[in-house]
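Protein chains in written order, with numbering that gives the first Met the number 0: chain U, 0 to 319; chain E, 0 to 305.
Among the hints, a few may not be true.
[Unchecked claim] Taking lysine-lysine and the DSS-like style, the derived pairs with C-alpha atoms no more than 30 Å apart in a straight line are:
#1 U:K224 - U:K253
#2 U:K143 - E:K302
#3 U:K157 - U:K224
#4 U:K157 - E:K302
#5 U:K143 - E:K53
#6 U:K157 - U:K143
Just so you know, these hints were derived from the structure itself, not from any lab.
Listed here are the chains, written in short residue letters.
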Amino acid sequence: MNAGAQPLVRLSSLTKQYPEVAALRGITLEVPHGVVGLVGPNGAGKSTLMKILLGLVEATSGTAEVLGFDANTEGLRIREQVGYMPEHDCLPTDLSATQFVIHLARMSGLPATVARERAAETLRHVGLFEERYRHIGGYSTGMKQRVKLAQALVHDPKLLFLDEPTNGLDPDGRDDMLGLIERTGTDFGISVIMSSHLLGEIESVCDSLVLIEEGRLDRAGAVAKFTGLGNVLAVEVDRDPELLVNRMIAHDVKARVDGRIIEVELPDGSATAEVALMRLVVDSVVDLGLPLVRLARQRHTLRDMFRNDDPSASGNVEAV
Amino acid sequence: MANLGEAPQSRGVVYDLGYRNYDGPRLGRRYAIRSLYVLSLRNTFGLGRGTLPKVLAFGLALIALLPAIFTVAFGALAGEDFELVEHHEYFGFIGIVIVLFVAAMASDLVGNDRRNNTLPLYFSRPIERDDYLLAKIAALATALMSLTLVPQLLVFVGNWLGATDGTEWLGDNISDIWRIGASSTLASVQLAVIGLAIAMFTTRRAFALTSVLAALWFSVVFTGVLVAVLGPGWAAVAMLATPGYAMNATTYVIFDAVPARADRLGEMADQVAYADLPGWTWIVALVAQTAVALFFAIRRYRKVTL
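Please model the complete structure; the sequences and the hints are all you need to start from.
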């Protein structure tokens, strides 16, 4: 089967109604192969969506297809080809990582000898070495997250579902985990759907993103589309940024302060107008005698997307 | 080892990530169920786990074996076909051991996965909810066979070897083999299903353990007290509804050992005679109890939220 022939996931009016709340309210969407970020505040429906795609939870109405299989009727076929790393603690305490991952590899259909080999390789790959023979009960959060990733990866799935994979990790552990996820997506040809409420993570590892809010699809698309070069000039000075802002406003140019950085809005289109504005900025800095640190064309971040387009969203999504 | 640094380059890889893709066979659902069964069975006997579970499981299995060992040993000393315990009485002798084993193991088998929250990892693999249950029941039933079947076979073999004329003895007693097999299997499956069905309604180990003990052991004591009070009709109903009675009575029926009439009501065999029911009703009761427990267990796991 050609991986490019069909979308990774196809949703059509997907709805999930729990007795008390509506978790998903009619999502229609096609998700391409690659590393996909599923973003939204806690309780937006990210975990529910993953569970429906795994065939663990039945949708109330609408359809969901994963790798061309219907999630409702062909759950077994899907689960043969995907790996799942749940958000919460899900490991036994009285088995070693090796024992447990071997066992789950066999549950995914790997013959016994292959299961042993691949468990050892996968645990090494996620960075567990001699520790893997010890009981999981004594592991740190970071090590447990690695075991959770290893069990999802051990049978070489076509698609990985990672639910908040960096949950509870310290900054170093977080970087390691994101590095692993990125390599998994790019070097091994495994598609990844990862959920996160941290935009910075999505931006650093994902090719595309899906934003859901209160069970509705807010937007979806390539991350590059949201993070292209912006029309903002960032000017960093060592002191008195307000002076420059006031000067800009006096010249009818939009500008605002963000810490020690002044963001000056560039005019659309015309290159000469841009150059003229840059010259104005430089002249003003010199004129005001401000110590200039940096002058750069600013890239959009996912955070801007919320700040500019949808003020209501930024309050809920924790931006990094 | 001189070319350690070159090896990755020669394979065209910048650095070794310890990860390879896999194109080999994937054995699917039945293999997955079997793997879960094997692991669960090993867990029951504490294999791959700490010392305490091993001591508990093998300890109880050994105690269940003691009457058989004594029977064979005394038989060898006292000569011809001495029987301390007869086959149809064996479960009566070791009843409490079997029930303790079920109570301890059932709360482990289904409780650990709930307490550790490992179910999402199982159910995101190519099995269905009922498959999980099937593997767990099969594992506990198999483990129970080591307490119900093994001692009985030991008694059988011991008696055979102790007989003066082995061939003649075997000819007379060979039909006991299917009786031993049938009664052990029925009892093991019944207790496994009922024990697991009860244990899966709570994640708390102590609570699961006491509930199983209550359902399988205290119910026997309770019914036993009631029998004389109730009179034959209602006593029969109470006995049919009690797992321990259904199990023992089924064994008597299979070995054709129900007394013709009840002398005193102290012994369970006499109480069964007192109920004065056709033999097949006991077997039906055992099967029905198992089916009801299975129904609730299946329903429980289909509804479990992940």
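Quick rundown of the hints versus the structure:
1. U:K224 - U:K253: Holds. K224 (chain U) to K253 (chain U) sits at ~24 Å (cutoff 30 Å).
2. U:K143 - E:K302: holds (28 Å)
3. U:K157 - U:K224: Holds - the C-alpha atoms of K224 (chain U) and K157 (chain U) are around 26 Å apart, at most 30 Å.
4. U:K157 - E:K302: Given that 30 Å is the threshold and the Cα spacing comes to 29 Å, the pair holds.
5. U:K143 - E:K53: holds (26 Å)
6. U:K157 - U:K143: Satisfied, since the Cα-Cα distance of roughly 23 Å is no more than 30 Å.
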